[in-house]
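Enquirer: Below, each chain spelled out in residue letters.
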Amino acid sequence: MAVTVQKQERPPIWRNTTILKWVAQITFLFGFIGIAVVVVPQVQDNLAGRDITFGWDWLTSRLSFLIREGIDTDPATGSRTMLVGMVNTLRVTISGVIAATLLGTLIGIARLSNNWIVNKLATVYIESIRNIPLLLQMFFWSAISATFGILDPFEADTLEAGKYWIAATRKGIGLSWIKPWGGFYQWMIFIIVGAIGGYYLHRHRFKIKEETGRETYPNLSALGVVTVFGIIGWFIHPVLGFVGHIAEFFGTVVGAIPTIGLQLALAGVALFIGFWWIKGFLDERRTPAGLAKLTDDDWFRMISAGVAAVFFAGLFIVVSGISSTTLDVGEDFFNRWLAPKFDATTNVVEVPIDEITAQVAAGLSLEDIAERQELLVNADLLGITAADVDGIIDQGLTAPQVYAALPDEDKTDRLVFIPPHKLVDGLSKAQAFNLNVLVENGDITIAELEAELEKDLSRADLPMRWSRAEVQLRGSNFLDLSPTSGINITPGFFAVWIAVTLYTGAFIAEIVRAGILAVSKGQTEASGALGLSRAQSLRFIVLPQAFRIIFPPLGNQYLNLFKNTSLGIAVAYPEIVSVGFTTSNQTGQTLPVILFWMGFYLTGSLVLSSIVNFYNRRLQLVER
Amino acid sequence: MIKRLGFLLVALALVAAACGDSSTETTEGTTATTTGGTDTTTATTTPTDTGQGGGTLAAVKARGELNCGVSTGAVAFTELQPDGSATGIDADYCRALAAAVLGDANAVVFFPTTAAERFDVLKAGDVDVLFRNTTWTASRDTDVGLDFGPTTYFDGQGLMGPANRFTATSGPSDVDGAILCTNAGTTTEKNIREWASLGGASITLETVENFSEAMDAFIAGRCDLVTTDASGLVGEKISRETSGEIDVDSWVVFPQAPISKEPLGPAYRQNDSEWADVVDWTVYSTFIAFEKGVNSTNVDAARAAAGTDAGDPELGRMFGDSSPEIMAALNLDSDAFYNVISQVGSYDEIFDRNLNPVGLFRQGGLNDLWTEGGLIYAPPFR
Ligand SMILES: N[C@@H](CCC(=O)N[C@@H](CS)C(=O)NCC(=O)O)C(=O)O
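First to last, the protein sequences are chains A and B. Residue numbers for the first sequence follow my numbering, so the first one is 1 and each next one is one higher. Residue numbers for the second sequence follow my numbering, so the first one is 625 and each next one is one higher.
Hints in this document: simulated from the structure, not taken from any laboratory. Be aware that one or more of the hints could be misleading.
[Stated by the list, open to error] Listed next, the stretches of chain A that the computed footprint assigns to chain B, with coverage defined by at least 3 CB atoms under 8 Å from CB atoms of chain B:
id : stretch
1  : 63–73
2  : 148–161
3  : 236–247
4  : 310–322
5  : 567–580
Source: prediction; values computed, not measured. Beta carbons are placed, not taken as given, at the ideal position from N, Cα and C, and that holds for glycine.
For reference, chain B alone in the conformation it holds in the complex (with noise of 0.2 Å):
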């Protein structure tokens, strides 16, 4: 009995030390921040504890790396080389925010995530951002506490399948009975059954983790076919295309019209403003200097040129020249926006320099900037 009173006394130490741990932990988290909020360069505390509501923004710069989450490899999106390093316009917003809150468009490290684990490997403060073709959703939203930047991709869901039995215009009847792939912990596999139930369709769903799997099956025949956003359907097919794996259009992306809204876009963790401000306007910067024309290669002169009267308001704040107030209270260097244009780029920059290649086109498009009738819009800069 005594012995037994022992082990409970030493149980209940550990847990009252437990508690005393993450309480502390708590108000170092808040002491950080103050110290980032007041003073960027002073900002190198000790290491705090980046699952705590705030203080994303002053932990990253301490560390002076940014953790960035992107998947375990979708083309044009995230292409993870052996180096450690990834390709793709996710990894490209990556580099954006590194070089906006660090200064150097290289200081990312890259956390592959499967579809389903990367919301609780972002809650747990594992990764800072989730640039991972995640789409923006009301359940994800509030129920499993995410907060959303602006969309990055104007997307929506698809279905391929070998070119002999569907076409562009096929629809729910030409899929009934069919074996589906998809990979799990995705909007795809709620979509994909709203979607075949309200068409009078009957499919099986195969989820597998990753979607590269979920190709896998499809060329082998374990399924007819696979879904998940179109444009990691024209990814796989055109680059398998071009890499003559398959013969040109033996597969068919439909339906014409995508069968759900999939806006892609920055995911953080929920009450931070601070943070979610500074992956805000990184994504807005590049925006702004798609409208205006600006991109790596003349921004130098764009910067030049807003610096004199005839020169762009708008420009010469994001630069940091002419308000340096705005930068300041983004606790931001001033030419952060600056370091994100000339070391990254625009958004169109970004957009063609991954997207064009497998075959995904702004012009026309929700991707097109909203003065052409896209859906890319920044407020103003002011």
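Bound conformation, chain A alone (with noise of 0.2 Å):
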């Protein structure tokens, strides 16, 4: 028998696997970049055809419109206008989510309760607002704010001035609230180490009780630890007043880097981390007999790897802006949002108690010495002489009212003068920083701050306070809830958030009793026959297993609740897509600020999912 060897033919090109492959990518890449190169001047032409312009000009330029609530109610550009939408949203989703998750795991186990009327209950909650549009119900709750009490000093049966638990009014709701003060970031400082330490103390007894079987209160003794630094920082918090000059510190290096610096530094990390991932790539393709073969699909990966970190070296290198705009916002976070939060500040000017004591004894008048200062440190920043100051105090003008005139980005760069008095008290800097602030943005006036001080001399640099909600007389004899106590929630935010916490909340109720009814029975009694109490057996086999099937579908409903706000506009509640709308109209920007809406709502939605998605692999059973 003859057997004839055939030599391997090579298959025709067209079933050539290999040149099938490399072909197809090519051609993705090249068809990628078509679309971009045909397609998006033919778009942009459309769109001029039809008067619609594209351009991100607006996010650096100035609107003009004021914002209900926020952090910042008057935003100097495009950008930030967008910014205070966006954190807007993020607020009324966070609390919603929380409030939702705990209304409806509460409902959920209500709809299982034996007890009828709490049973049926729940059950009428659930069907009612689930079967209600959302729309409607946001606008019904913004029609019952609007029942609340009147704030007018002119007409009866309104609310008075002064201090309230709750304080519901037609303008908002003002609750007490427990608020940060003066000695608040120092005392976090504790907490935070406090926390630390109670972390690995909890995990070094943990593994004492897992390998001994001894009780040894892990979770009471991390709490401990907790507890006891956070009660001595409460006192001896001032301490670390020091940390504010550290940052202070780290925001002049970061001011004295050049942008050049920070785009080859970027540049080189990009390229590094390309570098590293292809090393990294081929290590693991190396066994003890030598670099195993390279697939296609390797070198696609690997040169992929590099180009990407080519195309971001260059990236950086090319938009200087990136480095540019990453340096300032670092010394701004420095030294205008960490550095004033301790007991140290740029800002702040100290004024020789010599020169005060003299004006006093010239018969000025502590108000006026304040007034006065506070114009002459920022004499410069203004523009006017120390003779111009007396003649502003003559006509009556406050120093709030002339920083008023300034344009938005000087306001920032103002002095914060510190009345004398305050440190003759002995107040630290960042007590006399904090009341000044108030005095600054016009909240109290200086008498006001000296009432507030002699009483509150003793509780000034407490790291927090108790602050009741309040009804004051503002501007010109207005009626409304001051913005420096408890604290406030607009109609707007009210309805929004109460109706989207009802309606989410109703839906997880029905993912919580689905969970818990999805556990079979037959656990609950294996674990009675184990000798489990009823308690036990909730908590250590029912609820993990009923947490592992709630928790997808829980992802969901938050993901829906995000979503939902957006219809926030309807009952002027400034969230994203209700800014958005004002600042296409003022700019004809429509596309790019849907645009904007679109990449907000998609990041927001796959950091949410991917946090659930995280979670959801943790909670899941380790196979193996």
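Combine the two chains into a complex, taking the hints into account.
Expert: Right, here's the structure in full:
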């Protein structure tokens, strides 16, 4: 028998997988570039034909509208405007998620209750809330808030000025609240250190418990450590004032870095990461016998990684704005945000006490002196001379009124002056700064501040204070909630928050109920047979299993809640969609604003769902 | 991989098709324009894309109806009726335009728009023109991508608050610390911010979607004041006083000199001069009729008189009798402006009919004829 050894023939080109793969990859790449090159100008053309211009200039240009609430009610640029909207969306989303989860869990358990009334009430709640459109519910709560207490000093049956536990008014709801005060951030350092210590103690004790079976109370001891640190820190936190100087130092260092330095550093990092990845990739394929044969796919990956690294390196070099913005933000973070939180700040000017005594002797009131100094220390910025200051005071203008005329970017640069009597009274810089911010914002007058100081001096550097809601006369006799007491909820926030909470809560309740029911009865019975108490069986057997079932759909509900807040525009809540509408109306940039919205919701959803997925994976049974 | 490639090809094909579509649309639009330009009666081509640079006039004629963007409700400017029609000075100008273009003042479809969405609605081609208390501003004329016609109402922004704490002479210092309500997407928002900050007043602005919501919020006490164009404030005040909802003069509109200039008039898509001419001259025809004392009741007589040797030559030209070539150049029927005056009326007629009942009068103000010291002035029709 003749064996013919046939030489393996190369397959024809159209069936050669190697070639096909390369062709496909290259076509894909060029197709992608092609889309960019052909479609983008085409789209721009078509848009131009419809007078729809497309650009991003509005992000840096001045818009002109006030926003009802948020981190900045008079944002200077388009991007800041959108930022205010985004933060508002996140604010209502996060508080809604927390409240809806608590409510949903309670109602879900109530649905399983043996108590007839509890059970039926929960059912009625779920069925009615789920079946009414969310928008209607928002309108409903908005209408409800229009029945609260009236705030009008000239009308009878209105809420009077004063402090309240809860002040439900038509202009908003004031709640009493624990607020950070003078020493808060210093105190937080103690808490964080305590928490880290507690974590390690917990780990250590838990290990002993597992190994020996001896009860070591890991949770309790961890809590104890945090508490001890908290208590000690409450009294001695002022010793940490130097942290502010460290922050300032970092700010100075960051400010001194030239833009080109960061550009090069970032580019270097990008190249390094690419190189490092490729090296790691090759190492993985290295066996004792040498480098394994690389497949086409391996080459694609390495080439892509290399191209991406070079791309980003180039991007950092070419777009210097990335580096300069990062540096600016970094400097601001340390100097303007972090440093003032501690007992040090560059924006504060101390005035020698002799100077003040002399002025008092000359018959000036403390209030006038304070106004004078405030203007004097900022004379350069305001472009005035010391002589002008007297004229300004004579006209009866206050410092905040003078600042109002400053361009926005200068406002943050103005120096904060600490009325010397506060220093005399032994206030620390941080305390004085805190109080002074109130005066600066026009929230209280100097006279009120002094009164506040009289009674609050002993408490002025507590880390936190209990702050009751307050209705006060503001400006030219308008009754409103005091912005500095308690926390205030606007009618818009109230309507959105309560509506999404109740609505999502109803869905969560059903998910919770289903999750608990899905744990088979055998589990409870078996745990009973093992001698576990009812509570133990719920805690160790049923809930952990139920939670695994509940978690994924819960994540979906959170996503829904996030997106549902976009209805806020209907009840005057300035979330991202609402401020975006006004922005696009003022600038004519409809499409960029829509892209901005899409980018925001997409990013938000992806972040939320990756958090959910992360926990979900940790919760899953480890299967082997 | 092959699968992915397939996907890509399909996607590319779709994109390519999409591009092709839009370019044909462009050509269609232009053809229709020329058709409309040469022969108005045969302009019954397929509905054209009004979103493109030109061709609105042809599109309106082809459609047989005018799509007019109005507000969701502004007293005496646009008051929507249950049957879909609308009354008010803005609604009447929609009607006048329909009378000029289509010969029928009732061939109008009213599209209520909120302030924030109006320009998008216009630019997307959903409406042909906006008569919607729209202020002519530089940025809207340029950045936002609109063009504006002659101002039909010279307005200015005001504030309205309870009479027990404000007077007609109140100023910024009196609103310090107040919450003000208005609607989003307006010049109002911009003006009030500047006015308050210049006057050293710190205010909180609550913006809602429609002005009627701003009124509700004001009445409920959610805000201390409302602000918008003074005409809107006076309209809300007087109509509520007439209906007995509030006591007479329990609210006051201030300050006496408005805080801004708000010339309200028609807005249309940029770079469509054929359509711009039609809208502009429709408005001017009502001004000219006002100047000549012609109105819907005496228009037939006036037209007849203009035809005689001793008649007013400008009226003769405007009614298309003595020089039909101007009307042809406008691509309108020769009696287009006769239709406007006979079916809708002259400026004074439209104004008095809508605005007098809410206490707004032309006499002695900016909205009077130029010969009376006002700003209502039309270029000569010749
Ligand atoms: N003229 C201003 C304001 C226009 C405006 O929105 N006016 C109010 C009141 S006069 C209005 O029309 N509201 C009716 C609505 O909200 O639909 C502008 O063009 O921005």
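Enquirer: Could you run down the list of hints and mark each one as holding or not?
Expert: Right, here's what the structure says about each hint:
{"no.": "1", "hint": "63–73", "verdict": "holds (count 6)"}
{"no.": "2", "hint": "148–161", "verdict": "holds (count 4)"}
{"no.": "3", "hint": "236–247", "verdict": "violated (count 0)"}
{"no.": "4", "hint": "310–322", "verdict": "violated (count 0)"}
{"no.": "5", "hint": "567–580", "verdict": "holds (count 5)"}
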